[in-house]
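Visitor: Sequence:
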Amino acid sequence: MLETVVELRQAFDRLADEDDEENEEEGEDVGRGKKVGPPTDDDWKKAVAFVKFFRVLFDVTLNVSASSKPTAHKAFHDIVSIKCEIEGVFDAPITNHNTYFEKTLFNMSVQMRSKYKKYFDSLDDVNQLLVVALVLDLRFKLRYFTKVLERMLNYDAFTIKVKTESLKELIVTLTVLYASMNGVQNSSTKKTDGVETGTKSGSRCSSKKLRGKKAKMMEDWKKDLEDVDAVVVAHEVDIYLLDPIEKPDPRIKFDILSWWRLMGGCIVDVDFGLQTPLAAGRDSPSDVARRRS
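Letter by letter, the sequence shown follows residues 1 to 293 in UniProt numbering.
What the hints contain is simulated information worked out from the structure, not anything from laboratory work.
Lysine-lysine pairs mimicking PhoX-like chemistry, simulated, CA-CA at most 20 Å apart:
| id | residue 1 | residue 2 |
| --- | --- | --- |
| 1 | Lys213 | Lys117 |
| 2 | Lys74 | Lys141 |
| 3 | Lys52 | Lys213 |
| 4 | Lys161 | Lys141 |
| 5 | Lys147 | Lys83 |
| 6 | Lys115 | Lys83 |
| 7 | Lys222 | Lys147 |
| 8 | Lys103 | Lys83 |
| 9 | Lys83 | Lys163 |
| 10 | Lys216 | Lys253 |
| 11 | Lys216 | Lys141 |
| 12 | Lys46 | Lys103 |
| 13 | Lys147 | Lys216 |
| 14 | Lys163 | Lys147 |
| 15 | Lys163 | Lys141 |
| 16 | Lys117 | Lys83 |
| 17 | Lys83 | Lys216 |
| 18 | Lys168 | Lys74 |
| 19 | Lys83 | Lys213 |
| 20 | Lys52 | Lys216 |
| 21 | Lys118 | Lys83 |
| 22 | Lys74 | Lys163 |
| 23 | Lys222 | Lys141 |
| 24 | Lys147 | Lys223 |
| 25 | Lys74 | Lys253 |
| 26 | Lys74 | Lys147 |
| 27 | Lys147 | Lys168 |
| 28 | Lys222 | Lys74 |
| 29 | Lys141 | Lys253 |
| 30 | Lys253 | Lys69 |
| 31 | Lys213 | Lys74 |
| 32 | Lys147 | Lys213 |
| 33 | Lys223 | Lys141 |
| 34 | Lys216 | Lys74 |
| 35 | Lys45 | Lys103 |
| 36 | Lys223 | Lys213 |
| 37 | Lys103 | Lys115 |
| 38 | Lys83 | Lys52 |
| 39 | Lys222 | Lys253 |
| 40 | Lys103 | Lys52 |
Go ahead and model the full structure; you've got the sequences and the hints to work with.
Guide: This is the structure in structure tokens:
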């Protein structure tokens, strides 16, 4: 609503000019001789500051409030982008020479950073299942997690390695648990080339434009998808992590829930001849549909 008000500033200014004489008489008294009237220049500057900063939080709220579709795999993006937006305000010190906009934004960010640290001061404070959900997103997987720790959170190489290995171990543990509950065997070791260039699934439609730090995260990730690495496959989780990645495209709305409903079953892996809970990613949705029909 505030964003719409800012867009209609000219209309408010025109009304203020037309009613200038009445404002002095009919303004609501708020004490100390002040009356509530049309917005002043300072009011507009404050509104613009609010719109710019809260837009990020508004977009996140829309994501997590969508009850008809999964949002867990988006949580990590939102948590990191909010942190970077808040911390970005503190890049330069605030002095008397700063503008009203900068001072307002800084004071607002101080309180928001305090609230943010209460829940997400450390990556360890984040529910790890939200990070697992990120890895289970075909467009990102474990490699994206590593890049975000390096570029957006400025973690050192050792910490990144520890966090990445810990997350992978958690995913392997969950996979083994799933396999044991469903009578699925584990796979053996194999060396392969991890070529992470994906196909596009999902419906083609328009999507919202990404903003701020989150847009930068997505742009950097697109560049990373050009790299090719050779790795050792020791578990079906490795197979999944090396399977084709869906490249983020603003024209594509990726329906992760539909993908996992179609692909997430135990499918016979052609390399090992074993049923693996994560090997489904090696087949296209059309291949799986033909096999099940």
